[in-house]
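Trainee: Turn these sequences into a full structure, and let the hints guide you.
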Amino acid sequence: MDISRSRCFSLLSHVDHGKSTLADRILELCGAVDARLMREQYLDTMDLERERGITIKAQNVRLHWRDYWLHLIDTPGHVDFGYEVSRSLAACEGAVLLVDASQGIEAQTLANCYAALEADLTIVGVLNKIDLPQAEPDRRAEEIERVLGIPADELLRISAKTGEGVPELLDAVVARIPAPTGDPDAPLRALIFDSFYDSYRGVVSSVRVFDGSLVSGARLRYVQAGAVHDAEEIGVRSPIPTPVASLGPGEVGYLIAGIKEVRQARVGETVTAAANPGAELPGYRDPKPMVFCGLYPIVGDEYADLRDALEKLQLNDSSFTYEPETSGALGFGFRCGFLGLLHMEIVRERLEREYDLSLVATAPNVEYRVHLTDGKVEIIDNPSAMPPATHLEQVEEPYVTVTILTPTDYVGPLMDLSQARRGEMTKLEYLSEERVELVYELPLAEIVMDFFDLVKSRTRGYASLDYEPAAYRPSDLVKVDVLLNGVPVDAFSTIVHRQRAQDYGRRMTERLRQLIPRQLFDVPIQAAMGGRVIARETVKAKRKDVLAKCYGGDVSRKRKLLDRQKEGKRRMKQIGRVEVPQEAFVAALRLDES
Amino acid sequence: MTTPATSTPPARRSSTPEPGTLGVYVHIPFCAQRCDYCDFATWTDRAWIIDDYVDACVTDLRRRVAADELTSASSVFFGGGTPSLLDAPSLLRILDEVPRSVDAEVTVECNPDTVDVAKLATYAAGGVNRLSFGVQSMRPHVLAELGRTHQPANVTRAVDAARAVGLEHFNLDLIYGATGETLDDWRVTLDGALALDPPHVSAYALTCEPATPLGRRVAAGTTPPPDDDDQATKYEVADAALAGAGLDWYEISNWSRAGHECRHNLLTWAQGDYVGIGAAAHAHRHGVRSWNVRTPERYVERIHAGAAPEAGREHLDPVTRAEERLVLALRTRGGVPVHPDAMTETETLTRAGFLTRRGDGVRLTRRGRLLANDVTVRLLAAGAAQPAPTLSHRIPVGTR
Ligand SMILES: Nc1nc2c(ncn2[C@@H]2O[C@H](COP(=O)(O)OP(=O)(O)OP(=O)(O)O)[C@@H](O)[C@H]2O)c(=O)[nH]1
Ligand SMILES: C[S@@+](CC[C@H](N)C(=O)[O-])C[C@H]1O[C@@H](n2cnc3c(N)ncnc32)[C@H](O)[C@@H]1O
Ligand code: SF4
Ligand SMILES: [Mg+2]
Numbered sequence: 000m001d002i003s004r005s006r007c008f009s010l011l012s013h014v015d016h017g018k019s020t021l022a023d024r025i026l027e028l029c030g031a032v033d034a035r036l037m038r039e040q041y042l043d044t045m046d047l048e049r050e051r052g053i054t055i056k057a058q059n060v061r062l063h064w065r066d067y068w069l070h071l072i073d074t075p076g077h078v079d080f081g082y083e084v085s086r087s088l089a090a091c092e093g094a095v096l097l098v099d100a101s102q103g104i105e106a107q108t109l110a111n112c113y114a115a116l117e118a119d120l121t122i123v124g125v126l127n128k129i130d131l132p133q134a135e136p137d138r139r140a141e142e143i144e145r146v147l148g149i150p151a152d153e154l155l156r157i158s159a160k161t162g163e164g165v166p167e168l169l170d171a172v173v174a175r176i177p178a179p180t181g182d183p184d185a186p187l188r189a190l191i192f193d194s195f196y197d198s199y200r201g202v203v204s205s206v207r208v209f210d211g212s213l214v215s216g217a218r219l220r221y222v223q224a225g226a227v228h229d230a231e232e233i234g235v236r237s238p239i240p241t242p243v244a245s246l247g248p249g250e251v252g253y254l255i256a257g258i259k260e261v262r263q264a265r266v267g268e269t270v271t272a273a274a275n276p277g278a279e280l281p282g283y284r285d286p287k288p289m290v291f292c293g294l295y296p297i298v299g300d301e302y303a304d305l306r307d308a309l310e311k312l313q314l315n316d317s318s319f320t321y322e323p324e325t326s327g328a329l330g331f332g333f334r335c336g337f338l339g340l341l342h343m344e345i346v347r348e349r350l351e352r353e354y355d356l357s358l359v360a361t362a363p364n365v366e367y368r369v370h371l372t373d374g375k376v377e378i379i380d381n382p383s384a385m386p387p388a389t390h391l392e393q394v395e396e397p398y399v400t401v402t403i404l405t406p407t408d409y410v411g412p413l414m415d416l417s418q419a420r421r422g423e424m425t426k427l428e429y430l431s432e433e434r435v436e437l438v439y440e441l442p443l444a445e446i447v448m449d450f451f452d453l454v455k456s457r458t459r460g461y462a463s464l465d466y467e468p469a470a471y472r473p474s475d476l477v478k479v480d481v482l483l484n485g486v487p488v489d490a491f492s493t494i495v496h497r498q499r500a501q502d503y504g505r506r507m508t509e510r511l512r513q514l515i516p517r518q519l520f521d522v523p524i525q526a527a528m529g530g531r532v533i534a535r536e537t538v539k540a541k542r543k544d545v546l547a548k549c550y551g552g553d554v555s556r557k558r559k560l561l562d563r564q565k566e567g568k569r570r571m572k573q574i575g576r577v578e579v580p581q582e583a584f585v586a587a588l589r590l591d592e593s
Numbered sequence: 000m001t002t003p004a005t006s007t008p009p010a011r012r013s014s015t016p017e018p019g020t021l022g023v024y025v026h027i028p029f030c031a032q033r034c035d036y037c038d039f040a041t042w043t044d045r046a047w048i049i050d051d052y053v054d055a056c057v058t059d060l061r062r063r064v065a066a067d068e069l070t071s072a073s074s075v076f077f078g079g080g081t082p083s084l085l086d087a088p089s090l091l092r093i094l095d096e097v098p099r100s101v102d103a104e105v106t107v108e109c110n111p112d113t114v115d116v117a118k119l120a121t122y123a124a125g126g127v128n129r130l131s132f133g134v135q136s137m138r139p140h141v142l143a144e145l146g147r148t149h150q151p152a153n154v155t156r157a158v159d160a161a162r163a164v165g166l167e168h169f170n171l172d173l174i175y176g177a178t179g180e181t182l183d184d185w186r187v188t189l190d191g192a193l194a195l196d197p198p199h200v201s202a203y204a205l206t207c208e209p210a211t212p213l214g215r216r217v218a219a220g221t222t223p224p225p226d227d228d229d230q231a232t233k234y235e236v237a238d239a240a241l242a243g244a245g246l247d248w249y250e251i252s253n254w255s256r257a258g259h260e261c262r263h264n265l266l267t268w269a270q271g272d273y274v275g276i277g278a279a280a281h282a283h284r285h286g287v288r289s290w291n292v293r294t295p296e297r298y299v300e301r302i303h304a305g306a307a308p309e310a311g312r313e314h315l316d317p318v319t320r321a322e323e324r325l326v327l328a329l330r331t332r333g334g335v336p337v338h339p340d341a342m343t344e345t346e347t348l349t350r351a352g353f354l355t356r357r358g359d360g361v362r363l364t365r366r367g368r369l370l371a372n373d374v375t376v377r378l379l380a381a382g383a384a385q386p387a388p389t390l391s392h393r394i395p396v397g398t399r
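Residue numbers (numbering that gives the first Met the number 0), protein chains in the order written: chain Y, 0 to 593; chain L, 0 to 399.
Simulated from the structure, these hints should not be mistaken for lab results. Note that this is a predicted model, so its numbers are computed, not measured. Even glycine gets a Cβ: it sits at the ideal position worked out from N, Cα and C. Please note: incorrect hints may appear among the correct ones.
To be verified - One side of the interface only, derived from the structure: several residues of chain Y facing chain L at Cβ under 8 Å:
#1 Arg434
#2 Leu519
#3 Asp521
#4 Arg542
#5 Asp544
#6 Val554
#7 Ser555
#8 Leu561
#9 Lys568
#10 Arg570
#11 Lys572
As the list claims (entries may be wrong) - Reference listing, derived: stretches of chain L covered by chain Y, where coverage requires no fewer than 3 residues with Cβ under 8 Å from a Cβ of chain Y:
#12 141–149
#13 320–331
Mentor: Structure representation (structure tokens):
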């Protein structure tokens with residue numbers, strides 16, 4: 000392949016501004032997908048993506064446009080999946096940055112634009128959704144020029160829905176984004192920027208070749224892993240995986256090397272020729288997880304399956320972490336770290352669906368830095384591991400810098416909300432007459448649970464936000480324990496700011512009162528803070544169970560009913576004298592209805 | 000001619016069957032109308048098959064007698080459905096085929112709407128000596144909520160008719176806990192029932208069965224499910240009122256004057272043997288529980304074809320058998336012996352007020368009766384049904 004005829008670029012935007020829909024039109028224009036097999040957001044292949052209508056995983060395809068080969072990567076827009084974006088950028092020379100012509104610049108537009116600039120990519124700016132009656136392309140163009148510095152007259156105007164302007168966009172991609180540079184005769188250097196595990200083929204990696212050529216059957220060296228494997232199959236996704244004999248510089252494709260041990264083909268790995276190795280590529284730094292929770296199999300004997308599933312899923316999503324832990328209430332499981340709450344939900348759902356597991360997740364928390372009276376400093380990512388208050392000198396919690404873009408009308412309500420969440424404003428800037436950028440320093444813990452939803456509901460959906468880690472700061476944090484009949488249940492322990500302790504205690508005890516079935520005796524449920532009870536509820540003793548009606552001669556039915564009840568009892572978690580159904584843990588720790 | 004009810008010998012309140020006892024259960028799967036709560040095997044649109052059905056029951060019985068499976072019955076129970084929906088001669092044609100001991104108990108379940116003096120006189124003359132009336136409630140709005148068609152006044156007429164023909168040995172079925180039934184409504188029902196001076200009362204907590212109009216209303220959210228606390232209170236009220244009137248509990252949902260216990264049901268609860276005749280009838284013989292095909296059509300078909308009507312069976316291994324014994328016996332006044340493996344649990348439950356000591360065994364207290372399932376499951380889980388040395392345990396008649 001002639002390297003000057005290749006273009007590698009990512010589609011970037013705020014969530015929902017139309018990247019995957021644009022990818023559909025591009026697939027059609029390039030004749031890549033049979034019209035009968037075409038469907039909306041064709042590249043969103045996971046069930047979860049289709050159900051939620053968002054992209055979770057970046058996807059790459061190779062397409063033929065006029066005399067050029069386009070290597071396109073569709074990326075997710077949600078803030079939790081920023082790592083997918085940054086990995087994709089490392090495989091590209093350019094980016095197509097979409098802005099919804101009715102919404103204008105939003106928080107992830109800014110974040111993604113900065114990321115592309117930092118990666119030194121050429122940006123092709125695009126106003127999308129010009130077919131919408133409420134689209135205001137001229138005003139948005141001006142705003143983009145002012146805020147992002149992309150000249151208004153360079154912006155393309157398209158509708159990813161109707162296809163209008165898409166051929167012109169592809170021509171602009173070819174004209175403006177530089178061809179890759181790379182030496183076909185140099186030693187091979189290829190970057191693994193994504194991977195997944197296939198139960199038949201083993202690890203399947205997405206690669207971008209920078210120098211040399213990746214040839215089918217060649218003996219390869221995986222530099223960081225220090226391992227040698229043979230290239231069993233290399234190919235391109237167009238979008239159907241199609242084997243090819245070789246991939247040269249500036250080409251993106253996939254590589255299968257019969258690797259069953261997932262640790263040996265991590266993303267960020269440099270692949271080179273075993274005989275004639277090239278220098279290592281920069282690779283990636285895995286992002287630091289920000290939100291943590293325990294994941295436990297509902298059925299104890301699925302622990303080993305869960306470990307296996309975590310290992311395999313991590314290949315496809317290296318941005319979460321896991322470590323074994325035990326809980327008195329839930330048994331053996333893992334403490335896992337995630338980039339955000341949506342990320343946590345997605346990982347858990349993928350584990351359940353793709354690996355057929357049933358899981359309980361404990362309440363999410365952030366990571367605390369704990370200064371002990373003896374001068375030691377510890378990092379605590381599990382509330383039940385928090386040392387007793389008497390051993391604590393000081394506790395620090397992580398803060399984040401939150402950028403909110405909002406119409407001016409909502410500045411007041413957003414300031415109220417941020418203040419109530421212990422936020423400190425560091426910037427207020429008018430991007431245009433009717434748009435404001437607010438920047439706050441906020442404790443991460445305050446935004447993890449419901450901040451997004453509240454921002455959305457207080458601004459009728461018009462504001463968007465993005466955040467990145469800032470520093471740790473000392474805070475007045477307390478541990479709240481939940482006790483059933485006097486016995487503390489570690490899975491429900493949490494660390495909160497003193498002001499929020501009462502609220503958590505009330506909510507949790509109230510929820511548990513509804514979830515714990517009545518027992519033969521009264522069950523007190525208490526929330527306690529350092530030994531002091533701050534909320535209590537009681538599950539009143541059960542007075543009656545099924546008094547079966549006359550069952551004629553059908554004794555078997557009655558016995559089977561009791562057998563089921565006995566079986567149900569066996570599946571209950573025994574906390575002291577209290578029997579708690581597994582479902583109660585699941586439901587009590589569920590995040591939604593809070 | 001009528002058989003005086005007093006000719007029935009008093010039942011023994013025992014958890015092991017009398018030697019030589021054998022029950023016959025005959026299922027009559029027809030009703031005039033389906034009540035909203037009922038999921039029994041019964042049909043309201045099969046009048047055309049009734050005659051064939053009676054014939055099939057007769058044939059089935061004859062075959063069993065010929066095969067020596069049925070020698071002499073100590074109790075016969077016509078259950079339903081609504082057995083009284085058959086004309087009396089048809090019912091007696093079936094009964095006539097059952098060889099029975101001279102003092103056999105013969106019960107017919109009746110809907111108060113479908114009986115009159117003539118019918119009951121024919122029953123009595125044919126050997127029926129016990130009746131069970133589906134009363135359910137004495138309050139019209141509760142009956143309406145239950146989807147029952149009869150008026151409370153019919154109950155009085157039915158009981159008067161029974162007495163007129165000398166059928167003194169009868170039961171009234173009551174249901175408590177329907178939506179809209181207040182505690183006072185329930186007291187009215189109890190008082191109304193007791194005013195008829197019944198020797199036996201069954202009172203059932205309304206159970207919401209999924210495949211019924213009531214079940215669907217509850218699933219759809221248009222009717223609240225029966226409330227456990229309300230039903231618990233009503234049970235306590237019933238137990239006190241009935242005991243006050245001289246009817247003592249002998250099974251969780253059954254109360255009677257001494258000697259008026261239903262012997263057929265006692266047999267069932269004591270794991271005794273019984274033959275099942277008709278659609279959906281259950282049987283227990285020689286350690287095997289079995290059940291017949293469910294619909295009347297299939298029953299008639301099988302019998303016509305000369306085939307056995309059995310649809311399924313379950314052989315009870317010793318553990319299952321022991322568990323079943325515990326499940327059944329614990330519901331009765333006789334209670335259960337204390338199993339050595341479940342000493343601690345028994346002690347715990349006794350101290351918590353769910354069981355009370357009784358000789359070498361225990362039985363449920365009132366609180367325990369309300370939570371019988373839970374208590375049973377705890378005892379089972381503690382190993383109280385591990386097959387153990389035979390601990391025959393009987394409560395002599397009359398000791399209460
Ligand atoms: N009217 C109109 N709707 C569009 C256009 N482009 C996309 N949409 C709609 O916008 C919504 C989001 O589109 P997607 O293509 O899934 O957006 P995305 O940027 O891929 O979203 P994420 O991957 O989750 O960040 C869908 O309902 C699309 O049908 C357009 O040009 N015009
Ligand atoms: C076969 S029926 C009795 C005879 C007759 N079919 C009648 O209802 O009049 C047996 C009894 O079971 C009780 N029963 C039936 N379904 C019930 C339910 N879902 N909940 C409580 N009791 C029920 C009723 O008291 C009913 O009278
Ligand atoms: S309760 Fe009795 S009358 Fe009503 S449907 Fe059931 S069997 Fe028939
Ligand atoms: Mg998308």
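Trainee: So, leucine 561 of chain Y near chain L? Judge it on the closest CB pair being under 8 Å.
Mentor: Cβ of leucine 561 of chain Y sits 6 Å from chain L, so the hint holds.
Trainee: A closest beta-carbon separation below 8 Å is what the hint needs, so does lysine 568 of chain Y meet it against chain L?
Mentor: 6 Å, holds
Trainee: Are three or more residues of the stretch 320–331 of chain L within 8 Å, CB to CB, of chain Y?
Mentor: holds (count 4)
Trainee: Valine 554 of chain Y was flagged as interface toward chain L. Is the shortest Cβ-Cβ separation under 8 Å?
Mentor: This interface hint holds because 6 Å falls under the 8 Å limit.
Trainee: Was the hint right that serine 555 of chain Y lines chain L, CB cutoff 8 Å?
Mentor: Constraint on serine 555 of chain Y satisfied, holds at 5 Å.
Trainee: Holds or violated: is there a CB of chain L closer than 8 Å to the CB of lysine 572 of chain Y?
Mentor: 15 Å, violated
Trainee: Next item in the hint list is aspartate 521 of chain Y. Is there a CB on chain L closer than 8 Å to its CB?
Mentor: 12 Å, violated
Trainee: Holds or violated: the hint that arginine 434 of chain Y contacts chain L, with Cβ atoms closer than 8 Å.
Mentor: This hint is violated: arginine 434 of chain Y lies away from chain L, its Cβ roughly 46 Å from the closest one there, beyond 8 Å.
Trainee: Checking hints one by one. Is arginine 542 of chain Y an interface residue toward chain L, by the C-beta closer than 8 Å rule?
Mentor: 4 Å, holds
Trainee: Okay, the stretch 141–149 of chain L and chain Y, do three or more residues pass the C-beta test at under 8 Å?
Mentor: The restraint on the stretch 141–149 of chain L is violated, since only 0 of its residues have a Cβ under 8 Å from chain Y and three are required.
Trainee: Does the interface hint hold: is aspartate 544 of chain Y within less than 8 Å of chain L, judged Cβ to Cβ?
Mentor: Result: holds, 4 Å to nearest chain L Cβ.
Trainee: Verify the interface restraint on leucine 519 of chain Y: the C-beta must sit less than 8 Å from at least one C-beta of chain L.
Mentor: For leucine 519 of chain Y, the interface hint holds, since the closest Cβ of chain L sits about 6 Å away, which is under 8 Å.
Hints 1, 3, 10, 11 and 12 from the list above are not met by this structure, while the remaining hints are.
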